Amino acid sequence: MTTIENQTTATEPRDDDAPRPIDRPSLAHRLTGSIVPPLVLGAFVLLGWYGVSYLLLDPKRRFLLKPPHEVLQQGFLEWSTFSEMLSGLWSSTKVAMIGLVIAIAIGFVLATIMSQARTIERAVFPYMVTLQAIPILAIVPLISFWWGTGQRSRVIVCVIIALFPIIVNTLFGLQSAERGMHDLFTLHHASRVTRLRKLMFPAALPAIFAGLRISAGLSVIGAIVGDFFFGRGDVGIGQLLRRYSSQLMGEELLAAVIMSSALGVTVFLTFGWIQNVAIGKWHETSGGRL
Amino acid sequence: MTAVENHAGSNVRAGAALSFDRTQMVFPDGTEAVREVSFSVERGEFVTIVGPSGCGKSTLLKIASGLLEPTGGSVAVDRDRLGYVFQDATLLPWRTVLGNVELLAELHGIEKSERRRLALDAIDTVGLSGFVDHYPRSLSGGMRMRASLARTLTLKPPVFLFDEPFGAVDEITREHLNEETQRLFQQEGFAGLFITHSISEAVFMSTRVLVMSARPGRIVAEYEVPFDYPRIPELRFDPEFGRLSGEISHALRGSHS
Numbered sequence: 001m002t003t004i005e006n007q008t009t010a011t012e013p014r015d016d017d018a019p020r021p022i023d024r025p026s027l028a029h030r031l032t033g034s035i036v037p038p039l040v041l042g043a044f045v046l047l048g049w050y051g052v053s054y055l056l057l058d059p060k061r062r063f064l065l066k067p068p069h070e071v072l073q074q075g076f077l078e079w080s081t082f083s084e085m086l087s088g089l090w091s092s093t094k095v096a097m098i099g100l101v102i103a104i105a106i107g108f109v110l111a112t113i114m115s116q117a118r119t120i121e122r123a124v125f126p127y128m129v130t131l132q133a134i135p136i137l138a139i140v141p142l143i144s145f146w147w148g149t150g151q152r153s154r155v156i157v158c159v160i161i162a163l164f165p166i167i168v169n170t171l172f173g174l175q176s177a178e179r180g181m182h183d184l185f186t187l188h189h190a191s192r193v194t195r196l197r198k199l200m201f202p203a204a205l206p207a208i209f210a211g212l213r214i215s216a217g218l219s220v221i222g223a224i225v226g227d228f229f230f231g232r233g234d235v236g237i238g239q240l241l242r243r244y245s246s247q248l249m250g251e252e253l254l255a256a257v258i259m260s261s262a263l264g265v266t267v268f269l270t271f272g273w274i275q276n277v278a279i280g281k282w283h284e285t286s287g288g289r290l
Numbered sequence: 001m002t003a004v005e006n007h008a009g010s011n012v013r014a015g016a017a018l019s020f021d022r023t024q025m026v027f028p029d030g031t032e033a034v035r036e037v038s039f040s041v042e043r044g045e046f047v048t049i050v051g052p053s054g055c056g057k058s059t060l061l062k063i064a065s066g067l068l069e070p071t072g073g074s075v076a077v078d079r080d081r082l083g084y085v086f087q088d089a090t091l092l093p094w095r096t097v098l099g100n101v102e103l104l105a106e107l108h109g110i111e112k113s114e115r116r117r118l119a120l121d122a123i124d125t126v127g128l129s130g131f132v133d134h135y136p137r138s139l140s141g142g143m144r145m146r147a148s149l150a151r152t153l154t155l156k157p158p159v160f161l162f163d164e165p166f167g168a169v170d171e172i173t174r175e176h177l178n179e180e181t182q183r184l185f186q187q188e189g190f191a192g193l194f195i196t197h198s199i200s201e202a203v204f205m206s207t208r209v210l211v212m213s214a215r216p217g218r219i220v221a222e223y224e225v226p227f228d229y230p231r232i233p234e235l236r237f238d239p240e241f242g243r244l245s246g247e248i249s250h251a252l253r254g255s256h257s
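Top line first, the protein sequences correspond to chains D and P.
Residue numbers are given in the numbering used here: position 115 of the first sequence equals residue 115, and the series is strictly consecutive.
Residue numbers are given in the numbering used here: position 193 of the second sequence equals residue 193, and the series is strictly consecutive.
Honestly, the hints are just simulated from the structure, not real lab data.
This one's a predicted model, so the numbers in the text were calculated from it and none came from an experiment.
Idealized CB from N, CA, C, for every residue including glycine.
Keep in mind that the hints are not guaranteed to be accurate.
To be verified - Example chain D residues on the side facing chain P (calculated, C-beta under 7 Å, incomplete): (1) GLY33; (2) VAL36; (3) HIS188; (4) ALA190.
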């Protein structure tokens, strides 16, 4: 009798399988592993670029691809050009973010409604796919026809392009909670709202963040495409790209392309970082990696 | 053996915490999972059902808990604070051990400081005190199961259903968990219904072992387990333990053919 008492009052878990440590490679190891290889490749790309500019193109056609240092000089170190691009980028970023926020709001509400009733999901889904299948370039003229070429139309382009991944991922996420967990909530008489709030929504977060990263990137593309085609109002990076290309400003054009790409990367990393902060503690996949 | 196949008179005892009365379950696809099952579990009883895989053991628990509606017969149990431990730990990955253990009290609308106290108590009982702030992904399988047990304990359930909870952990961990489960049973005095296909687990913890036949599941044999509580690990090497296990094993084989 007493032996049992002694044994069972112990508070140490007696499992032989100890808690599993989460692997984290050392910083130095990560640096050599993930930073050196892309740097080496980047150096080769620059070398190839010089090769094309100086060896492949004769001087008369060199304007097609100016060497890297001239792009740097004209595009990035010339303040008037650079500040023009920065304000263009900022304008496009604003459009993209407003579009994204609207897409998130619509997407969440739609996905939540769809998750609550199979019939609604079945009714809405084919139209979502159809909407997604329209190439964005085909819908741009229609948008300018209806809403003109202002800021609002650019935002609408962003919403349309960013909506689908949010809906699909949110819906998939809301449906991803395990059967056993649903049983648990059923057993304890959880209401629909409680189930949504305490089970389905948290379970959906990893998928929601995955969708958000895709949509954020698409929204940036939408903002640039809209600006490029509408070509009026606030000067965004899209209008700059068009002007540089029509005026054969090779260095500035390349610089603007690089800046647009940098914007996309920044957005991707930012949302990865937000994901890590929000769910990194309990979810395996880490965001924010390129 | 009691008259478990006595259809005419109900052998359900009055005042039982949980009783099945000629319960039957036929699924829509025509599979007959459970046929005419009648037995009851009283407070202070720990009944284990052993049976071959797929014989409808788990179905019985789903019926008892109301997750499934039986197609025939009835089941009587108070479902207000029913304890149910699943095959998987079913912990919410976004909650810490503490958050997970607090969940049921939260769903039952118990006030915050009270549910914190209940949870910490339960966590202490299962020996996870040092892991309150851990997320499930950093726990071992056995520890997750303990957290799952603790979660159910917070309700102080009068009826405790166990659906093969230790099937996925290794042998040694399972034996530890068995010892703790019988200690919890002794402490809390609930009416326990445990599902397993491990005979030694059944004999070690139970006051009574029921043997279920292959599909359609019926209760084909019943054994009283004579050992006193608390039960010590060495009980497993007792000749009487071995003899009883052998008999149950024999009945189980008989039920297969």
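Structure-based check of all given hints:
1. Of the supplied interface hints, the one on GLY33 (chain D) is violated, with its beta-carbon coming no nearer than about 24 Å to a beta-carbon of chain P, more than 7 Å.
2. Taking 7 Å as the C-beta contact cut-off toward chain P, the hint placing VAL36 (chain D) at the interface is violated, the least distance being around 31 Å.
3. Interface restraint check for HIS188 (chain D): the shortest CB-CB distance to chain P comes to about 4 Å, inside 7 Å, so the restraint holds.
4. Look at ALA190 (chain D): its Cβ gets to within about 5 Å of chain P, closer than 7 Å, so that hint holds up.
Of the numbered hints given earlier, the model fails hints 1, 2; all others are met.
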